[in-house]
Amino acid sequence: MKVYLSMRQRFFSGDQMASDRVKPKKHKLSEMERKEEIAGYLFILPNFIGILIFVLFPTICSLLLGFVKWNPMQGLSNMRFAGLENFAGLANDALFTTSLKNNILFTIIYVPFSIVLALIVAGLLNRYVFFKVPIRLMTFMPYISSIVSVAYVWMILYYPSGGPINSILMSLGVQNPPQWLASPKTALISIIIMSIWHDVGYYMIIFLAAMQGISGELYESAAVDGAGGIKSFLKITVPMLGSNIMFVSILATINSFKVFDQVNTMVTDAGPGRSASVLVYAIYYYAFRKQNIGKASAIAVVLFLIIFVISMVQMRLKKKVTV
Amino acid sequence: MKYKTRHLIGRITMTAVMTAFGMLCIFPFIWMISTSFKNEVDVMEFPIRIIPKVINTGNYAKVWFESNFPAYYLNSIKVTALTLIGDVCITTCAAYAFARLKFRGKEIIFASYLATMMVPVQVMLLPKYIYFNWMGINNTHWALILPGIFNCFNTFLMRGFFESIPFEITEAAKIDGAGQFRTFIQVVLPLAKSGLTTLVLFSFSWCWNDYINPLIFINSDRLFTLTIGLQRFQESSTTHYALIMAGATVSLLPLIVLFLFAQRYFIESFANVGIKG
Chain A
1 MKVYLSMRQR
11 FFSGDQMASD
21 RVKPKKHKLS
31 EMERKEEIAG
41 YLFILPNFIG
51 ILIFVLFPTI
61 CSLLLGFVKW
71 NPMQGLSNMR
81 FAGLENFAGL
91 ANDALFTTSL
101 KNNILFTIIY
111 VPFSIVLALI
121 VAGLLNRYVF
131 FKVPIRLMTF
141 MPYISSIVSV
151 AYVWMILYYP
161 SGGPINSILM
171 SLGVQNPPQW
181 LASPKTALIS
191 IIIMSIWHDV
201 GYYMIIFLAA
211 MQGISGELYE
221 SAAVDGAGGI
231 KSFLKITVPM
241 LGSNIMFVSI
251 LATINSFKVF
261 DQVNTMVTDA
271 GPGRSASVLV
281 YAIYYYAFRK
291 QNIGKASAIA
301 VVLFLIIFVI
311 SMVQMRLKKK
321 VTV
Chain B
1 MKYKTRHLIG
11 RITMTAVMTA
21 FGMLCIFPFI
31 WMISTSFKNE
41 VDVMEFPIRI
51 IPKVINTGNY
61 AKVWFESNFP
71 AYYLNSIKVT
81 ALTLIGDVCI
91 TTCAAYAFAR
101 LKFRGKEIIF
111 ASYLATMMVP
121 VQVMLLPKYI
131 YFNWMGINNT
141 HWALILPGIF
151 NCFNTFLMRG
161 FFESIPFEIT
171 EAAKIDGAGQ
181 FRTFIQVVLP
191 LAKSGLTTLV
201 LFSFSWCWND
211 YINPLIFINS
221 DRLFTLTIGL
231 QRFQESSTTH
241 YALIMAGATV
251 SLLPLIVLFL
261 FAQRYFIESF
271 ANVGIKG
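Line by line, the protein sequences are chains A and B.
At position 265 of the first sequence the residue is numbered 265 (our numbering), and the sequence of numbers has no breaks.
At position 152 of the second sequence the residue is numbered 152 (our numbering), and the sequence of numbers has no breaks.
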């Protein structure tokens with residue numbers, strides 16, 4: 001389909017027109033092409049200027065800022081190149097190392113759990129359930145709501161003594177229910193659970209949309225061959241969704257490195273003993289609480305590199321899939 | 001026949017299981033609404049009572065009349081509306097050119113857009129703060145609106161939608177003598193309705209729920225949007241959980257109501273974003 005369209009595009013677009021074939025001059029554009037080019041520039045102009053000012057320029061600055069020593073109060077002349085000086089202190093910085101460790105832990109738990117759960121829910125909703133629409137709606141509702149609002153709901157749900165979750169656990173016979181957000185041991189995992197709850201509906205609808213593209217005949221013939229539900233899920237649905245699962249995993253990984261909202265709302269100062277700190281929190285802390293520009297920018301560069309590498313992997317895989 | 005009944009029983013059980021799962025997903029919302037109507041002493045009661053003994057609407061009165069919530073609301077509406085209008089006008093134009101017009105430098109410009117998409121907002125907070133300070137837009141709503149309007153990801157998303165419209169249609173318009181702008185407004189845009197819905201709903205919920213940008217760029221109470229307003233409200237009401245839940249309900253309500261009415265479009269849009277992005 002794509003090939004077909006691009007052939008059409010080439011066929012119809014200016015450079016292949018009859019007049020051009022007679023006089024194949026490369027850099028002299030026909031009247032029509034010139035008009036199209038001007039229209040093109042005019043169409044992108046407002047967007048391009050805005051992106052230049054609000055995206056491209058700050059992006060470049062943010063990467064450069066990691067390598068300079070500078071106090072913005074003293075003006076630009078005061079800025080000097082610092083090489084890797086800003087990065088040298090990072091390895092011994094407790095907040096940074098805890099944050100990096102927590103982000104990795106976050107990814108290791110969040111990604112597989114939310115993806116497997118999303119796959120199972122989508123698989124069941126796709127084939128085995130009545131009232132698919134209201135159930136899909138209920139599962140997706142957390143994702144649409146702002147993390148800040150639901151963070152406060154979960155904060156109270158998690159309340160160690162008398163909170164609903166622990167009350168339920170105790171009535172089920174759990175003697176010493178976890179302290180959730182109040183304990184350095186469980187603060188991070190509590191935030192991860194809430195994040196999985198918040199996002200699983202989103203990954204689910206991506207899978208569900210992709211599953212609708214799988215032909216029902218495949219399942220029918222599998223059923224004739226005697227394959228049960230679980231078998232056809234594992235042997236048909238999962239392999240057919242291969243590329244979607246890969247991309248959602250990458251998306252979830254990137255999301256788990258960008259996590260911040262729930263950390264800054266559910267616990268104060270990144271939890272007891274900063275046990276729930278993450279990289280974005282560390283950037284925020286050094287930049288806006290400590291005015292330590294060098295450190296904040298160095299951590300930002302580290303975070304950028306992590307996300308850059310993941311995005312590169314994604315681009316590579318995408319190329320492989322589409323070619 | 002036997003297969004059919006077994007199948008039916010399986011379906012009914014699965015429906016029950018999934019309904020239970022769905023209920024689990026919305027339990028925090030139900031609990032939030034129920035608690036917002038309770039007296040403070042009843043918040044932690046067990047067994048959990050979904051319908052409160054006494055319906056207390058005092059929390060809502062407090063949220064609405066004794067705090068700045070009405071102002072937070074107006075701020076959120078203003079920021080979201082201006083961002084959306086600007087975004088739709090400017091992004092769709094650019095995306096149209098990237099998808100369907102030929103001009104020199106297009107590939108390089110678009111590649112630079114794609115490159116910046118790899119740098120997340122979270123990485124740019126500090127340079128943006130210094131830069132916005134220098135521009136004089138810190139602590140104004142422009143610091144939220146302008147970066148919201150100029151968005152590489154949305155351009156990329158809309159370009160995908162415009163590319164999927166058959167080229168014969170625009171060629172026909174061109175032969176009929178329509179200029180680029182008319183072709184765009186009258187021919188291409190109406191055909192990209194699902195793309196536009198996606199753009200609007202996605203940007204809307206992103207903008208409405210944005211937390212990190214207002215946290216950093218806005219610092220006076222009268223300019224707060226709902227997310228930051230709710231945080232300040234939570235900090236000032238300490239352990240008045242029923243009151244905090246009323247605040248949370250009020251802040252969630254518009255989006256949830258909109259979602260319930262347009263859920264099909266929301267879900268389609270977010271699936272589109274997930275698959276194309």
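Rather than coming from a laboratory, the hints here were simulated on the basis of the structure.
Using N, Cα and C, we set each Cβ at its ideal position, and we do this for glycine too.
Do not rely on the hints blindly, as some may be mistaken.
If you only want the chain B side, here are some residues facing chain A, beta carbon under 8 Å, derived [stated by the list, open to error]: (1) V123; (2) H141; (3) W142; (4) F150.
Here are the simulated PhoX-like cross-link-like pairs (lysine-lysine), alpha carbons at most 20 Å apart as the crow flies [to be verified]: (5) B/K4 to A/K35; (6) A/K258 to A/K69; (7) A/K319 to B/K4; (8) B/K106 to A/K35; (9) A/K231 to B/K106; (10) B/K174 to B/K102; (11) A/K185 to A/K101; (12) A/K101 to A/K231.
Okay, the hints, checked on the actual structure:
1. V123: Interface hint status for B/V123: holds (5 Å vs cutoff 8 Å).
2. H141: violated (14 Å)
3. W142: Because about 10 Å separates B/W142 from the closest Cβ in chain A, which is outside the 8 Å limit, the hint is violated.
4. F150: Holds, because the Cβ-Cβ distance from B/F150 to chain A comes to roughly 3 Å (cut-off 8 Å).
5. B/K4 to A/K35: violated (65 Å)
6. A/K258 to A/K69: With Cα atoms ~26 Å apart, A/K258 and A/K69 exceed 20 Å; violated.
7. A/K319 to B/K4: This hinted pair is violated, its Cα atoms lying about 44 Å apart.
8. B/K106 to A/K35: holds (15 Å)
9. A/K231 to B/K106: Measuring from Cα to Cα gives roughly 48 Å; hence the hint is violated.
10. B/K174 to B/K102: holds (14 Å)
11. A/K185 to A/K101: holds (14 Å)
12. A/K101 to A/K231: With Cα atoms ~37 Å apart, A/K101 and A/K231 exceed 20 Å; violated.
Of the numbered hints listed earlier, those contradicted by the structure are 2, 3, 5, 6, 7, 9, 12.
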